[in-house]
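Novice: Here are the chains, one letter per residue:
Protein chains: 2
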Amino acid sequence: MKRQGRPSARRTSIGRRQIPSRAPRAPSVPLNVGVLPNLLGYNVRRAQIALWRDFSRPVGEGEVRPALFSLMILIEANPGIAQIDIANQLDIDKATIVGLVQRLQKRHCVTCRQSTVDRRRQGIYLTERGKTELAQLREEMLTHEARFTRLFSSEELAQLFALLRRIHP
Amino acid sequence: MKRQGRPSARRTSIGRRQIPSRAPRAPSVPLNVGVLPNLLGYNVRRAQIALWRDFSRPVGEGEVRPALFSLMILIEANPGIAQIDIANQLDIDKATIVGLVQRLQKRHCVTCRQSTVDRRRQGIYLTERGKTELAQLREEMLTHEARFTRLFSSEELAQLFALLRRIHP
Chain A
1 MKRQGRPSAR
11 RTSIGRRQIP
21 SRAPRAPSVP
31 LNVGVLPNLL
41 GYNVRRAQIA
51 LWRDFSRPVG
61 EGEVRPALFS
71 LMILIEANPG
81 IAQIDIANQL
91 DIDKATIVGL
101 VQRLQKRHCV
111 TCRQSTVDRR
121 RQGIYLTERG
131 KTELAQLREE
141 MLTHEARFTR
151 LFSSEELAQL
161 FALLRRIHP
Chain B
1 MKRQGRPSAR
11 RTSIGRRQIP
21 SRAPRAPSVP
31 LNVGVLPNLL
41 GYNVRRAQIA
51 LWRDFSRPVG
61 EGEVRPALFS
71 LMILIEANPG
81 IAQIDIANQL
91 DIDKATIVGL
101 VQRLQKRHCV
111 TCRQSTVDRR
121 RQGIYLTERG
131 KTELAQLREE
141 MLTHEARFTR
151 LFSSEELAQL
161 FALLRRIHP
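These protein sequence lines are chains A and B, in that order. Positions 1 to 169 (this note's numbering) are the ones given, in order, by the first sequence. Positions 1 to 169 (this note's numbering) are the ones given, in order, by the second sequence.
FYI, nobody ran anything at the bench for these hints, they're computed from the structure. Only a predicted model underlies this, so the values are computations on that prediction, with no experimental measurement involved. Glycine is no exception: its CB is placed at the ideal position from the N, C-alpha and C atoms. Misleading hints may appear alongside valid ones.
[Stated by the list, open to error] Facing chain B, a subset of chain A residues (Cβ under 8 Å, in silico):
id, residue
1, Phe55
2, Val98
3, Val101
4, Arg103
5, Gln105
6, Leu126
7, Glu140
8, Glu155
9, Ala158
10, Leu160
11, Leu163
12, Leu164
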């Protein structure tokens, strides 16, 4: 899903907040949506858009906000991880990961250096600043998650997770 | 999710098929994925990526393949629809819709002309070629859907839809 970022806004922190929310959208005419609501793909995508927008909107981070969070979580949990392993794990193109890592490098959130595990390859490590930003991002993520998980009982949520995992085994 | 398209490949048909599938990816090291699998957003996104990839991969359409299908379905079901109404209905940025409509225009799948409903605005209509391409795309979509819906009983599928719709009301 391609989104318009806010290229002119200078972002100095990943965790900036309190940007006013968008006005709600309402179709100006009643539409015939055809077969779409009966498609699994459509429903998953709509849910993904809703979640994406809720997490991405307050900080103007553009399309990569949830991916950036996942990336930092992986780097934190696997110091020295290689870009290719991140791409494989998140099922995201290597080129996209390279771009995200470069953004994190520019903000001094990660460093790339020779891996201590495999000296032939570059490993990625969170900096102290990256750890601080991730802590803030994690808090935002949990608040965001709570806005949606409270829509479900714990049994329903467990079932939803189980059903979704059949799609992405 | 930003993807690398295949900018050098000339696409003459929406419905081109039988491009060899990618080699499966396997992480080269066991990774600690931290909190990610317990996050609703992560699970929805992974499912969305799996669905997106399955539908998008065979034709090299890049990131917009499912969106293009939804767009054409809406235009078919609502002849003369305005771009803003499509954007509202699909919860996709207007700029993205404009780009998609331009692609469809270049392929002579849609025309834009004065709406018969509201003469002040441009309406979008499927051409004969667009109808033919949509018919093919619809068949592909149903095959794609079946690859995933067969993972569920009809009760499970109904429940999955109901749960997802709470996220995108």
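Novice: Each hint: holds or not?
Specialist: Hint by hint, here is what the structure shows:
no.	hint	result
1	Phe55	holds (6 Å)
2	Val98	violated (11 Å)
3	Val101	violated (14 Å)
4	Arg103	violated (12 Å)
5	Gln105	violated (18 Å)
6	Leu126	violated (12 Å)
7	Glu140	violated (12 Å)
8	Glu155	violated (11 Å)
9	Ala158	violated (11 Å)
10	Leu160	holds (5 Å)
11	Leu163	holds (5 Å)
12	Leu164	holds (4 Å)
Checked against the numbered hints given earlier, the structure breaks hints 2, 3, 4, 5, 6, 7, 8, 9 and satisfies all the rest.
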